[in-house]
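Enquirer: When you get a sec, could you build the whole thing from the sequences and use the hints?
Protein sequences, first through last, are from chains A and R.
Going by the working numbering, 64 is the number at position 64 of the first sequence; the sequence numbering is gapless.
Going by the working numbering, 64 is the number at position 64 of the second sequence; the sequence numbering is gapless.
Rather than coming from a laboratory, the hints here were simulated on the basis of the structure.
Beta carbons: idealized from backbone N, C-alpha and C, even for Gly.
A hint or two may mislead.
Stated by the list, open to error - Covered stretches of chain R, as calculated for chain A (at least 3 residues, CB under 8 Å):
{"hint": "1", "segment": "54 to 62"}
{"hint": "2", "segment": "176 to 186"}
Stated by the list, open to error - Straight-line C-alpha distance at most 30 Å; calculated DSSO-like pairs for lysine-lysine:
{"hint": "3", "chain 1": "R", "residue 1": "95", "chain 2": "A", "residue 2": "20"}
{"hint": "4", "chain 1": "R", "residue 1": "130", "chain 2": "R", "residue 2": "73"}
{"hint": "5", "chain 1": "R", "residue 1": "130", "chain 2": "R", "residue 2": "144"}
{"hint": "6", "chain 1": "R", "residue 1": "144", "chain 2": "R", "residue 2": "95"}
{"hint": "7", "chain 1": "R", "residue 1": "94", "chain 2": "R", "residue 2": "144"}
{"hint": "8", "chain 1": "R", "residue 1": "73", "chain 2": "A", "residue 2": "20"}
{"hint": "9", "chain 1": "A", "residue 1": "20", "chain 2": "R", "residue 2": "130"}
{"hint": "10", "chain 1": "R", "residue 1": "73", "chain 2": "R", "residue 2": "144"}
{"hint": "11", "chain 1": "R", "residue 1": "130", "chain 2": "R", "residue 2": "95"}
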Amino acid sequence: MICLSNNEQGADLLAGYLAKTLDSDRMAELDQHIQECADCRGLAMVWERLDEFAVPEVTPGFDARLYAHIAREETRVLGWRNLWRNRLWRSIAPLAAAAALVAVALLVYPGKPDAPKQPGPTQSNKAEIEQVAQAVDDLDLLTPIDR
Amino acid sequence: MEAVVALERDAQLMLRVREGDDTSFALLLERHRGPVVHFMYRMVQNQAVSEELAQEVFLRVFRSRETYEPTAKFTTWLFRIATHVALNSIRDRKKEKGHESLDEEMLDGMERQVADRQPTVEQEMVHEVKLREVRQAIEALPAKQRAAVLMHKYEGLDYEQIAGVLSCSESAIKSLLFRAYEALRGRLAHMA
Numbered sequence: 001m002i003c004l005s006n007n008e009q010g011a012d013l014l015a016g017y018l019a020k021t022l023d024s025d026r027m028a029e030l031d032q033h034i035q036e037c038a039d040c041r042g043l044a045m046v047w048e049r050l051d052e053f054a055v056p057e058v059t060p061g062f063d064a065r066l067y068a069h070i071a072r073e074e075t076r077v078l079g080w081r082n083l084w085r086n087r088l089w090r091s092i093a094p095l096a097a098a099a100a101l102v103a104v105a106l107l108v109y110p111g112k113p114d115a116p117k118q119p120g121p122t123q124s125n126k127a128e129i130e131q132v133a134q135a136v137d138d139l140d141l142l143t144p145i146d147r
Numbered sequence: 001m002e003a004v005v006a007l008e009r010d011a012q013l014m015l016r017v018r019e020g021d022d023t024s025f026a027l028l029l030e031r032h033r034g035p036v037v038h039f040m041y042r043m044v045q046n047q048a049v050s051e052e053l054a055q056e057v058f059l060r061v062f063r064s065r066e067t068y069e070p071t072a073k074f075t076t077w078l079f080r081i082a083t084h085v086a087l088n089s090i091r092d093r094k095k096e097k098g099h100e101s102l103d104e105e106m107l108d109g110m111e112r113q114v115a116d117r118q119p120t121v122e123q124e125m126v127h128e129v130k131l132r133e134v135r136q137a138i139e140a141l142p143a144k145q146r147a148a149v150l151m152h153k154y155e156g157l158d159y160e161q162i163a164g165v166l167s168c169s170e171s172a173i174k175s176l177l178f179r180a181y182e183a184l185r186g187r188l189a190h191m192a
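Expert: In structure tokens:
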């Protein structure tokens, strides 16, 4: 015969018996057993006694207090977010300004000028032309950018 | 069947809250305000504190709305938050010296709520004594056992849900409840 007070069996059955969630055959078996077992009657009595633990009604202003609390928290969170956004903007503004200046400089001072057309260079002049072109490129690199 | 549909509906409502629907949050509050407050009351046995803690629970629910995922039943998730808040409060209050946890002044009011008939003065006194003993027996349980008993007895959560709330196995919950009910039997045996 199973007994609710037995640790091995009871742990598996007790809560189900008290909450009446066991199958009908098992419930009937335990109902019969309780008539004969004082310990199990004691456990069943606990369940009934717990019904007497009454609770007070929720106070009327509960929801209003909760929503006020939520509103205060939302305002605080928004304040932190705005502060963060302002600080972020202050950090990236100088970088944005520098990027804009570089873009303007590139527009004002385009790349190296086209090399002038010359009639089919001879073999000996070709080297001189290349040297001149290289020299012009070097000069371009040395020219300062006017702000 | 109706209970199963209601549980799924709660998860749906919470998903709408995640999308910014405040009306759904109000509906969830309406459905679960009582159970959460009553659970807190039985845990800490002080009405003012229980309502503060219940407010904290719903505040956390609202804060978590953007990351909510229905991986468990809504009530499992809700009572996991509630149990966590309650256990923290009990731990913190234990550190306070001379704390009076029993809400003595509420006893009279609750007596009137419980009794439908008109008891005699003697019957009222006997009932008051019994109620006090039940409350003291509950309060004497270790906090996790107390939470498990309250969820099982008063909130109707099953083993799986209670295991989800307390983050342990179903077999552990069965053992926990067994020890809790045995302890209560020991304290309340004279009331049989």
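Enquirer: Now look at each hint and say whether the structure bears it out.
Expert: Structure-based check of each hint:
1. 54 to 62: holds (count 5)
2. 176 to 186: With 6 residues close enough to chain A, the hint holds.
3. R:95 <-> A:20: violated, 39 Å
4. R:130 <-> R:73: violated, 35 Å
5. R:130 <-> R:144: holds, 24 Å
6. R:144 <-> R:95: holds, 18 Å
7. R:94 <-> R:144: holds, 15 Å
8. R:73 <-> A:20: Given that 30 Å is the threshold and the Cα spacing comes to 22 Å, the pair holds.
9. A:20 <-> R:130: holds, 24 Å
10. R:73 <-> R:144: Distance of about 20 Å is within 30 Å: holds.
11. R:130 <-> R:95: The hint holds at about 29 Å.
Hints 3 and 4, counting from the list given before, are not met by this structure.
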